[in-house]
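With mature numbering (1 follows the signal peptide of the UniProt record, and there is no 0) applied, the sequence shown corresponds to residues -23 to -1, 1 to 317, in that order.
Just so you know, not all the hints are guaranteed correct.
To be verified - In the DSBU-like style, the derived pairs of lysine-lysine whose C-alpha atoms are separated by at most 30 angstroms in a straight line are: (1) K291 to K249; (2) K72 to K40; (3) K210 to K228; (4) K192 to K69; (5) K1 to K291; (6) K210 to K259; (7) K208 to K40; (8) K208 to K259; (9) K40 to K273.
Stated by the list, open to error - Distance windows between CB atoms, simulated: (10) H105 to S194: 30 to 36 angstroms; (11) N308 to G170: 36 to 42 angstroms; (12) S117 to A293: 18 to 24 angstroms; (13) P48 to H105: 26 to 32 angstroms; (14) K252 to K208: 29 to 35 angstroms; (15) K252 to H105: 16 to 22 angstroms; (16) S194 to E45: 35 to 41 angstroms; (17) K273 to K77: 54 to 60 angstroms.
No lab work stands behind these hints, which were simulated from the structure alone.
Where a beta carbon is used, it is the ideal one built from N, C-alpha and C, also for glycine.
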Amino acid sequence: MKSKLTTLTLALAALTVSSTVAAKTLVYCSEGSPENFNPQLYTSGTSVDASAVPVYNRLVDFKPGTTELVPSLAERWEVSEDGKVYTFHLRKGVKFQSNKSFTPTRDFNADDVIFSFMRQKDANHPYHNVSNGSYSNFESLEFGSLITAIDKVDDHTVRFTLAHPEAPFVADLAWYFASILSAEYADAMLKAGTPEKVDMEPIGTGPFKLAQYQKDSRILFTAFPDYWQGKSKLDRLVFTITPDASVRFAKIEKNECQVMPFPNPADLPRMKANKDINLMSKAGLNTGFLAFNTQKPPLDNVKVRQALAMAINKPAIIDAVFHGTGTAAKNLLPPGGMGG
């Protein structure tokens, strides 16, 4: 599980688990509380860390730490010669979790895939406006117009028809917004008059199920025994919500948590000096930038903009602000992303 968590952060500190008890429980010092537990609705790392990774799966996923695609809930897929029809063959025997409000009566199937995408695509879908009804990633990729149809061929086959060929389509399905939710759970909560429970009390097919959530305090996940890839080696995954980076580091030093994201750059020398701490870093999926209002002088002059860009001492900023942990951007795409 540690390797999955590391892929979610720009920089991460981890203390090696040594005791028998700790080997069954991993404590992650999270930087904040999630907005909710549906990665379709929110794009912040804080929210998707607490939902998309432990609770849900997607049709395809990225191999941890890479941009290599691997099958997940879809075992395989085919693309038509014109590049507009994608047929996904779904994994059989995949179980959904349960909670105090719902116990599933069937395995994962094509209905769940269709529900998960049509909720985001169809403005008239009964779940489209539940919670905040905003699907930023789905909309930013223009999936609403790109996907013209999603058809159930049979219980374990789904066909997506696109308006035009889209080379990164399968890779886009590995994004967290494409997580697969339970249509049966959604139907039950809609009939009960509590549709928002789908987003706050999640049920997925992932390795952990949500057991308890105390806002601004902690999130407790327990291993899902029927997980299709086998029960996790961890019995419990605990998110201890700790907004202050220095406090997170103090907890790491005391072994009150074993993994933390986003260390304070000022703490990095101490972390590197501590032989018990495994400090890992990875190029991030973000790029910092200054925006110019090109509609007003003097910034409407490209020469002025170029001069300002050349005058910025990027190495000095990297050293003073990021303590050497950043890199000067070469283009708008982040170094951790495809094309960056």
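Status of the hints after comparison with the structure:
1. K291 to K249: holds, 24 angstroms
2. K72 to K40: Judged against 30 angstroms, a Cα distance of about 22 angstroms means the pair holds.
3. K210 to K228: holds, 23 angstroms
4. K192 to K69: violated, 36 angstroms
5. K1 to K291: Distance ~44 angstroms between K1 and K291 Cα, so the pair is violated.
6. K210 to K259: Cα-Cα ~25 angstroms, so holds.
7. K208 to K40: holds, 19 angstroms
8. K208 to K259: holds, 28 angstroms
9. K40 to K273: violated, 46 angstroms
10. H105 to S194: 30 to 36 angstroms: holds, 32 angstroms
11. N308 to G170: 36 to 42 angstroms: Between N308 and G170, where Cβ atoms are some 50 angstroms apart, the hint is violated.
12. S117 to A293: 18 to 24 angstroms: violated, 33 angstroms
13. P48 to H105: 26 to 32 angstroms: holds, 29 angstroms
14. K252 to K208: 29 to 35 angstroms: holds, 33 angstroms
15. K252 to H105: 16 to 22 angstroms: About 52 angstroms separates the Cβ atoms of K252 and H105, which means 16 to 22 angstroms is violated.
16. S194 to E45: 35 to 41 angstroms: This hint holds: roughly 36 angstroms between Cβ atoms.
17. K273 to K77: 54 to 60 angstroms: holds, 57 angstroms
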